[in-house]
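Here the structure of chain A is known, so what remains is to put chain B with the ligands in place on it, guided by the hints.
Read top to bottom, the protein sequences are chains A and B.
For the first sequence, the residue numbers in our numbering are 341 to 610.
For the second sequence, the residue numbers in our numbering are 16 to 390.
No wet-lab data here; the hints were simulated from the structure.
Backbone N, C-alpha and C define an ideal beta-carbon position, used for all residues, glycine too.
Do not rely on the hints blindly, as some may be mistaken.
[Stated by the list, open to error] Just a sample of chain A residues kept apart from chain B, beta carbon distances all over 12 angstroms, derived:
1. 373
2. 411
3. 483
[Stated by the list, open to error] What the simulated footprint calls covered on chain B by chain A, stretch by stretch (three residues with Cβ under 8 angstroms from a Cβ of chain A suffice, anywhere in the stretch; the number is not a length):
4. 64 to 77
5. 106 to 115
6. 234 to 246
7. 353 to 366
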Amino acid sequence: MKRYLRQQYMPHIWCPGCGNGIVLGALLRAISRLGWDQDRIAVVSGIGCSSRATGYLDFDTLHTTHGRALAFATGLKLARPELKVIVVGGDGDLAAIGGNHLIHAARRNIDITTICVNNRIYGMTSGQASPLTPKGRLATTAPYGNVDRPFDLCQLVQAAGATYVARSTTYHVRQLCNLIAEALENRGFSFVEAVAQCPVYYGRRNRLGTAVDMLKYYRDHAVTVRAAQSMQPEQLADKIIIGRLHHVVEPDYESEYARVMEEARRRADR
Amino acid sequence: MSERGEIRLVQGNEACAEAALAAGVRFFAGYPITPSSEIAEIMAVRLPQLGGKFIQMEDEIASMAATIGASLAGVKAMTATSGPGFSLKQENIGYAALAEIPCVVVNVQRIGPSTGMPTSPSQGDVMQSRWGTHGDHPVVVFCPWSVREVYDLTVHSVNVAERLRMPVILLMDEVVAHMREKIEIPPQVETVDRPRPSGDRQDYLPYDDSSDVPPMAAFGDGYRFHVTGLYHGPSGFPTTDPEVADRLIRRLCGKVQRRRQQLALTSAHLVDDAEVLVVAYGAAARSALRAVREARSEGVRAGLLKISTIWPFPQEVLLSLAARVRRVVVVEMNLGQLVLEVERVLKGRAPVQHVGRVDGELVTPEEIRAALEGV
Ligand SMILES: Cc1ncc(C[n+]2csc(CCOP(=O)(O)OP(=O)(O)O)c2C)c(N)n1
Ligand code: SF4
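Okay, chain B solo, but in the shape it has when bound:
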């Protein structure tokens, strides 16, 4: 794979669409909403060229549903939306988590609640991406800070969804989605396919809990199995047995819990001698890195922990870095969401300060520097 890729100037949303195609996505259902529409528009052009299917559904609920339906047919499937649409998708995201249907949901965050101030950037959907659907459920959420990372994390989202048989959320923000950067598009990417059953059709158990990710047949392959949003046993048939119910939900949540460290993607910048650690993600992390560099030129020993896996929260990494600093500054474009997680993990081991912004503007390096330098 030493073959060089093509260097292209691409927009974040474009990188997302191209990466999904490279990862093998062949079905997309969506509903127009800025700032995510480019993804749907590119999919509408590209999918039929590749033998895939694109459909504009009547709303985001339907888009999520169609995405799950297509995935059950054995096709890698994705949908993309933004704020209000993400709210509408929640019930069916929970369905995909319970019924263990792999799919990728892109949410390009815009400021809310409600229609907000279209379509200014925000990072206000951090908690919604974790707890948006009702009930205990597993969640994996990735958050890119550059066009390069949009590409890589989109491929990764598809692969993790397939490997773990679950919905994966790619949480972008308006800045990253609409930004253009030069990136190298690799000639091919590593892809992962969901585990498939190999045994006899008669013996197939779609929710066999002898492994934590049971093999998944496709509709039409002759396995004739049942899929439901009701709690179910290994056969897929509904149950009200408390023991079976408990085992099911613990297995589902365990799929992610057990792989927390593996799933945790972060990068540390200038942290070796840092006294103050900035924690940030997405577009805010770009301003944060600049602020850290500038603060250093003023003699403040600052470092950055840039988080790419929001959920499950990379607590081990944070703990080890925070052990070496005097204080922590969390930067995000909301009034305090991921900071709650940072505080939970640090349990008072270091003072935590929050720099937030909810006026629809990108948080600036100056604001962050004020927090770094003004002790």
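Excised from the complex, chain A in its bound form:
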């Protein structure tokens, strides 16, 4: 896995116990397993702790503006379809400021794999509420408990047209890696939500203990897709449903646009 890292730029900026490194490790193992050509992979990120991953990866890497990674990645992928394009971002980056790009990338079924590192908080800016902060949880901008209801991002992107959707946590590293590998192999828009700990801002403020305590929480609160099917909504309220949530085969944007190009040429020749 070391061959995928720009070791000269280590140590990384993440706090001790942060979940970002675990998610990154799972991504790199998945890439390694697929044996993809290192020169044909581009990783694109927005702004946030999780988005700093791109700096450490030895691929073509693009660290963009807050929330816009998917829009940059869309241009990149269209202009260079042979590139495998991966987007990494935080829950604030992808679901708040970048929420519109997320649903539209899903709608187009563009062949990009998006990994959302969901720590339920704005880490980089020191602990403000995100659209994935659960109701009642504390954040610097939700000092009396969060009044907003959180998104279920997986349901959102599925409804928007994503063809592969999965969720796992930093406790379930092996599963996370397998799901990311499946997502990478899906030709179309793939989305993996990786529930990850931010012990420094989310954990501390909400008295969730150390990073290890937060991982144990994921262990105790995760239920598989299959188990969830026989559970009531009330039982699922504080659970994290993990596994492959959705997978269908549908033509991706690139193949659809290839048809447009053919048609355009045919008509121009006439």
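Frame of chain A; chain B with the ligands shown alone:
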């Protein structure tokens, strides 16, 4: 290249789209907004015919982002918009300036602020095109006054963007964008490609500052480099070193500063014996030229400096012309934007009068004549 081009009656926006294609643009991302939509519509038809890609994005922020992404893949890329959309693009324009990604941004100005009075003409985005994104950054802005010039300046915008590795803004106005004129479309145009690296992949520094425009690899070519909107050193990796930061921003701004005279495009009309110099650009310059001619028939020795490069402001040309006149009249469809630059450059060497208009109507030759003749 003595081959004759095709004479066609084309609209400004159409000339812009065709010129971009001729200059090698093969990617366009946009979002509909009058009075720029024709550019996107023509690109939607033409690009796939030529093996290029067109995409209608979910908004102008995304259009700007996708344009930058495509350019990083090694493809000449462009986006077009108008007022409100230009405001939305600003953050990513700054990104392209800092990360040195060539691209062309067309802004067909309409009256503002906000939704304004759709879609009446205006020239209210002059300062925004210079300072719209935050921070010190280099800017090149061209402004055409005819369909012919739309064509030529679009080609030039693409070439300058590529040569200098930066975003270039083509600032049109509604009048020029929707006007139809007969122009000769050249069979081919001179094109410029961004500098490419030639050395070993391992040694590649995407922001090598041994020259002021470092060679640019494309994603997918095996160079495996990092691009960021954070301040960065030659390797592209983020830095907080004040010295490196200072060198970076000075180099970026210097790219344009050092080439100011080369970039300055202007044309002077009837200035040889002029006592009063009109300074104008875009559609307002058309009325200005007419006013100058009419004033001359009344015995007023007027001349026109028509400006095509708004930023960097062509100060040397203005200074040399203004040295010979008694006074200067700046005509623009706003309450005074480029006039500030004229005053800055002239430093009181000649009195400067402003003729402005913000009611959504094209400034008329009569208004300008009143300023020329009514001393
Ligand atoms: C346009 C813009 N608005 C706000 C910010 C400030 N900002 C930087 S990172 C961030 C949120 C990061 O949270 P998240 O995306 O969840 O990532 P994390 O740091 O938790 O990994 C914000 C609001 C910014 N950089 N740009
Ligand atoms: S602030 Fe939170 S998310 Fe950011 S590096 Fe630290 S632990 Fe990780």
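Evaluated hints:
1. 373: Given a closest Cβ separation of 20 angstroms, the condition holds.
2. 411: Answer for residue 411(A): violated, closest chain B Cβ roughly 4 angstroms.
3. 483: holds, 29 angstroms
4. 64 to 77: It holds: at least three residues are needed, and the region 64 to 77 of chain B offers 9 whose Cβ sits within less than 8 angstroms of chain A.
5. 106 to 115: holds (count 3)
6. 234 to 246: Held - the region 234 to 246 of chain B has 12 residues with a Cβ nearer than 8 angstroms to chain A, which meets the minimum of three.
7. 353 to 366: violated (count 0)
Checked against the numbered hints given earlier, this structure breaks hints 2, 7; the rest are met.
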